[in-house]
Structures are given as structure tokens and as C-alpha cells.
Amino acid sequence: MSHPVASSSLWGRLLRRWHAWATIGPGVGFIILFLVIPSFMLMAVAFMTQGPYGLAQMPLSLQSFRELAGFGFFGWSPGNLYTLWRSVWQTTIATALVIVISYPIAYYISTRPAHLQPLLLLIVIVPSWTNQVIRAFAWMNILAPGSALTNFAYNLGFLSEYMGLFPSTFAVVLGLVYNFLPFMVLPLYASFQNLDHRLIHAARDLYAPPVKAFFQAVFPQTLPGLMAGTVLVSIPAFGMYVIPDLLGGGRSQMIGNLVARQFAESSNWPLGAAAAMLMIVATLVGLLILRRIGRRAGGGKEVVL
Amino acid sequence: MKRRIPWFQVGLRGFWYLTLLFLYVPLVYVVLYSFNAANSYARFPGFSLRWYETMLANPYLMGALYNSVVLALTSAVIATAIGAVLGYGMYRYREMKLGWLIWFIYLPIVMPDIVYGISQMTFFVTIHDLTGLLRPSLTTMIIAHVSFQVPFVALLIYSQLVRMDPLLFEATQDLYAAPLQRAWFFVLPAIRASLISGFFLSITLSIDDFVISFFTSGPDSTTLPIFIWSAIKRGVTPEINAISALMIFAVFSAALIIYVFQRVRPSRDPGTA
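Chains A and B supply the protein sequences, listed in that same order.
First residue of the first sequence? That's 1 in the working numbering, and the numbers climb one at a time after it.
First residue of the second sequence? That's 1 in the working numbering, and the numbers climb one at a time after it.
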């Protein structure tokens, strides 16, 4: 963009700089003031001590991190570490299921007539726009004791009588899959849209069995979408709070619940802040691992981030 | 040589419908039971509007509905204004070295809800202790919602501006349009579709949010999701189905509006003409 009149003089340059700040400043300033600064404050809280009402107070200490590692009043307990580990594997299972469901769905949408595709995508996405409490509530109704699905599971012998399908780890994983399915379908669909179908025909012409044709001709082409989708699904799923809280019992709580509990019920802000930091660090480690997997699978090319 | 495998197409279509069932059955279930004449999930003796009546008669629920509407509309208006200006600035000055800015714009999108919420809660509580300002209330919730809506609006506006012909911009200059004239007669009409969908996207983001609202709300600023949450914790009454059904309806309406306005007609839109 050239500005033949405005940028010719010093005055023009100043005006332009002022205009840049006037347009970009409010939005970025808002985010810095109300999100970046609060994040740093939360980090500071992690290094403070628990006050009488659970709020943070001076002096600075590493007490909250010791508590997070499990050293409490009654000696060491592995509870928090279990929670972290459970978050990792529940996220992993849910992400794997989302991938398996999303491949056929994304492919199906990409093979429909072009004018229908945006509508079909919207149909997949819109349920995820309803409030997550309502979505979890909906599943509670379906999985509750006495519901049609629960009776069905009971008749098949999966459940003992008077039990519901929730609260359970099964319900948590189901809720995660339900929540994050669109986040995988969207990037995969974008990959399928640009798919080079000649490669599939070539593979079929050379008598590759379908499975081999998929992994040699289709999969590498959809890798960028898959990696993007995996990041979009697993990162928020890992930090999920509402679904494990409503659909899970005590033994399917995730790290988001650990954080929330310190700020809601058993007030201990420094411990909550430390757990939040652990969550962010674990998320970054997860991103690095995904990035490495993506690079290896993509033959050295950057396919994620 | 091409072998036709019709079962593959049939299976694919079947899987699509199964997935739709998976996605929509829970929502339909809630809507259906909001019309249930009985106070039960086990039986459905007939249709009735009684839960909508008890919902309308519940002052707490109506208060929460009012708070939700005020929150969604106010935050969406503010976020659309700030976000549109930001998106425009990002576009105009995209050749300046502003790559670092994008981190601030993506931060609200990638940050886990829970960390987002407690950060802002810590901030608001501390500021309130120090200055007496920003008591947790509808105001702090509006600030919180604006902070996560702004990036989405900015990116929508930016992507529409990038798609249009940069020569049009110079044409307005060649025709000696004053900056305000250009903004009013050229930029605003060009981004109209994105403004509208940005506004409705902000509303859906606001309605969809629970976690950030929960941690930034005060005792007198209960919104619908918070009301539903505490109702679930206390033991559900069927009017929760009714209010949930209304919220589902609201989101689907907003989605429809976004869908209509995002399909920009090339002939009528100056940006893509």
C-alpha cells in the first residue's frame, strides 16, 4: 500500500504512525491490560503463600509447588500426579477417537457438490456453539440411570442395575469427543479439498489394497490438516474443566478441575496458580512433541505451527 | 483401471448420518424433554408448555436471562468496534514490522479457558482490593468477554480486507477522498458483511462461554450458563430443559444469520467485485 501524498513528508510519516497506533492500539492494549498483565499476576500468585482465606499473600515461597508435587500436611500423596497423568491419557484417547471419526466425515463433505459443502460444515460445527454446560447437561440426561441408552447397556450386560452410564470415565471421553469433533473435521476438510486424486488413482491402478492406498496416497496429503486438528483438539481437551466436572466422578477429574477447585471450593490460590502453570508447561511440552511427530511423519517438513 | 466400490460410498453416507445422529440427538433430547408433561426423564406422557411457564415465573431465571442478554449484546457491540478497528489497522500496516502483534491476537484464542478465567479473576480481585474499582460484576464479565471476542472480529475483518483489490484503496486516494469519507463510503461498506458476522460470532462466543464467565462474575451477575450450572449442582428441575432449549434456539438462529452474511455476493460487494 503506497501513500503518495501522506508519506512524502515528515509530517505525513508522523500522521501515519499515529494512525497505526490509533487503530491497532485499542485492541492490543485491551488484550495486554486485561489478559497479558493478569496472566503475569497469576504467575506471581504461584510464588506466594496461602493466606487465611485462601487468598495469596507475602512472603514469596515455593510452598505451592511442593503441595502440587504432593507434599502435604499428611506426608506425600500421588493424587495430583495421578490427575496429571489421567488428563494426558483421557485427552489421548479422546483425540484418537476424534481422528477416527473425522477422517470419513471430512472426506464425505469434500466429495459433496461444492455449493453444499459450507452448509454441511456448518451442520457439523453449530452444535459446538451451544453452551458447553448445556451440552454436558444433555449427555447427563442421556446417560442417566433409567434412560433408554442406559437400559440398553444394562440389557447387553455392560452395567449393573440402577447404575447410570455417568459419572464415569467413559462419559468424560464421550463428552470430549462430542465437544471437539468439529475442531478436527474443519482442518481435515481443508486438506481433503486440496487432495490430489490422481495419486489415489495411481495407487489403485498399481493394485494397492485400499488400506495401503490410504496410507501411501491419502494420508501424507492430509497430514497438515491432521496435525492442525490434533493441536486444536488435544490442547483445549487437556485443559477441559466443565466436562470432567459434570460427567466424571472423582476418579476421572482432570487438571483443569484441580485448578478450578483451588479457586472455587477449597480456596488455595497459590496452589491453583501453580497447577495452572503446570498445565501451561504440559501444554507447551505437548505442542513440542506434536511438532516433532509432525516433522518426522512429514519427512522433515514443518507441518505443524 | 478403476474398480467401483459402491459399498464404500454407502458406508460413508451411513457413517455421515450416524455422526449427525451423535451430534444432534443430545440437543434434540433436551428440546424434546422441555415439552414433557411429566417431571421425569423416564416417561413422556404428552406435550406441555408447563416448564416454559414455570421458567417465566422464576424471577432468578429471568434475572439470569436478562444478565445474559445484556452481557452478550454489550460485549458484542464493544468487541465489534474495537475488533474492526484492529483488523483494519492490521491490514493497513501489515508491511510494518508488526509480526509480534499476532501473538497478542492469538493469545486469547489459544489460552485454556480455565487459566484465562482465573487470571482475570485474580486481576479483578486484586485491582478491587487496591482501588475499589472493578468489583466482580456484570462490568468485569463484559470486559472479560470483550477480551476474547476482539481477536475473532479482528481476524474476520482482516481476512475480508486482504481478499479485496488493493488498487481500490489507491483509487479512493486518487479521487481525493478525505480519510473519514473513505472510511464511511468505502471501508465500511466493504467490510459490512464481516462486521455483521463478527457481531453475531461475538454473540455466540458470549453465549457459549461458561468458564470465563463463572470466574469473573459477581454474586449479582448470574448469567444463564451459571444458573444452569448451579441448578445441575443442586439437582435439576425440568425448567432447565426449557431454558436450555431457548439457548439452543438462539445459537442456531445466530448461526443461520452468520451463514447468510458470510456468503458474500460478488456482484453487490465492492470488496470482491
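Just so you know, these hints were derived from the structure itself, not from any lab.
These numbers come from a predicted model, not from an experiment.
Heads up, the beta-carbon is just placed ideally off N, CA and C, and yes, glycines get one too.
There could be a bad hint or two in this list.
As the list claims (entries may be wrong) - Stretch-level coverage of chain A by chain B, calculated; a stretch enters the list once three of its residues show a Cβ under 8 Å from a Cβ in chain B:
(1) 58–70
(2) 129–140
(3) 214–228
Stated by the list, open to error - Below, computed lysine to any residue pairings styled on SDA-like, alpha-carbon distance capped at 25 Å:
(4) B/Lys233 - A/Ile142
(5) B/Lys233 - A/Gly79
(6) B/Lys233 - A/Trp18
(7) B/Lys233 - A/Gly29
(8) B/Lys97 - A/Ala148
(9) B/Lys97 - A/Ala22
(10) B/Lys233 - A/Ala148
(11) B/Lys97 - A/Gly12
(12) B/Lys97 - B/Ala183
(13) B/Lys97 - A/Ser9
(14) B/Lys233 - A/Thr150
(15) A/Lys212 - B/Ile232
(16) B/Lys233 - A/Pro145
(17) B/Lys97 - A/Arg261
(18) B/Lys233 - A/Pro167
(19) B/Lys233 - A/Ser9
(20) B/Lys97 - A/Asn155
(21) B/Lys97 - A/Ala144
(22) B/Lys97 - A/Pro145
(23) B/Lys233 - A/Val36
(24) B/Lys233 - A/Thr83
(25) B/Lys233 - A/Gly249
(26) B/Lys233 - A/Leu10
(27) B/Lys97 - A/Thr83
(28) B/Lys97 - A/Leu15
(29) B/Lys97 - A/Trp18
(30) B/Lys233 - A/Arg86
(31) B/Lys97 - A/Trp89
(32) A/Lys212 - B/Pro6
(33) A/Lys212 - B/Gly11
(34) B/Lys233 - A/Gly250
(35) B/Lys233 - A/Leu14
(36) B/Lys233 - A/Pro26
(37) A/Lys212 - B/Gln9
Tested hints:
{"no.": "1", "hint": "58–70", "verdict": "violated (count 0)"}
{"no.": "2", "hint": "129–140", "verdict": "holds (count 11)"}
{"no.": "3", "hint": "214–228", "verdict": "violated (count 0)"}
{"no.": "4", "hint": "B/Lys233 - A/Ile142", "verdict": "holds (17 Å)"}
{"no.": "5", "hint": "B/Lys233 - A/Gly79", "verdict": "holds (24 Å)"}
{"no.": "6", "hint": "B/Lys233 - A/Trp18", "verdict": "violated (52 Å)"}
{"no.": "7", "hint": "B/Lys233 - A/Gly29", "verdict": "violated (38 Å)"}
{"no.": "8", "hint": "B/Lys97 - A/Ala148", "verdict": "violated (59 Å)"}
{"no.": "9", "hint": "B/Lys97 - A/Ala22", "verdict": "holds (16 Å)"}
{"no.": "10", "hint": "B/Lys233 - A/Ala148", "verdict": "holds (23 Å)"}
{"no.": "11", "hint": "B/Lys97 - A/Gly12", "verdict": "holds (19 Å)"}
{"no.": "12", "hint": "B/Lys97 - B/Ala183", "verdict": "holds (24 Å)"}
{"no.": "13", "hint": "B/Lys97 - A/Ser9", "verdict": "holds (21 Å)"}
{"no.": "14", "hint": "B/Lys233 - A/Thr150", "verdict": "holds (21 Å)"}
{"no.": "15", "hint": "A/Lys212 - B/Ile232", "verdict": "violated (49 Å)"}
{"no.": "16", "hint": "B/Lys233 - A/Pro145", "verdict": "holds (17 Å)"}
{"no.": "17", "hint": "B/Lys97 - A/Arg261", "verdict": "violated (42 Å)"}
{"no.": "18", "hint": "B/Lys233 - A/Pro167", "verdict": "holds (13 Å)"}
{"no.": "19", "hint": "B/Lys233 - A/Ser9", "verdict": "violated (65 Å)"}
{"no.": "20", "hint": "B/Lys97 - A/Asn155", "verdict": "violated (65 Å)"}
{"no.": "21", "hint": "B/Lys97 - A/Ala144", "verdict": "violated (55 Å)"}
{"no.": "22", "hint": "B/Lys97 - A/Pro145", "verdict": "violated (59 Å)"}
{"no.": "23", "hint": "B/Lys233 - A/Val36", "verdict": "violated (32 Å)"}
{"no.": "24", "hint": "B/Lys233 - A/Thr83", "verdict": "holds (22 Å)"}
{"no.": "25", "hint": "B/Lys233 - A/Gly249", "verdict": "holds (13 Å)"}
{"no.": "26", "hint": "B/Lys233 - A/Leu10", "verdict": "violated (64 Å)"}
{"no.": "27", "hint": "B/Lys97 - A/Thr83", "verdict": "violated (43 Å)"}
{"no.": "28", "hint": "B/Lys97 - A/Leu15", "verdict": "holds (17 Å)"}
{"no.": "29", "hint": "B/Lys97 - A/Trp18", "verdict": "holds (15 Å)"}
{"no.": "30", "hint": "B/Lys233 - A/Arg86", "verdict": "holds (24 Å)"}
{"no.": "31", "hint": "B/Lys97 - A/Trp89", "verdict": "violated (41 Å)"}
{"no.": "32", "hint": "A/Lys212 - B/Pro6", "verdict": "holds (19 Å)"}
{"no.": "33", "hint": "A/Lys212 - B/Gly11", "verdict": "holds (19 Å)"}
{"no.": "34", "hint": "B/Lys233 - A/Gly250", "verdict": "holds (15 Å)"}
{"no.": "35", "hint": "B/Lys233 - A/Leu14", "verdict": "violated (58 Å)"}
{"no.": "36", "hint": "B/Lys233 - A/Pro26", "verdict": "violated (39 Å)"}
{"no.": "37", "hint": "A/Lys212 - B/Gln9", "verdict": "holds (18 Å)"}
In terms of the numbered hints stated before, the structure departs from hints 1, 3, 6, 7, 8, 15, 17, 19, 20, 21, 22, 23, 26, 27, 31, 35, 36, listed from lowest to highest.
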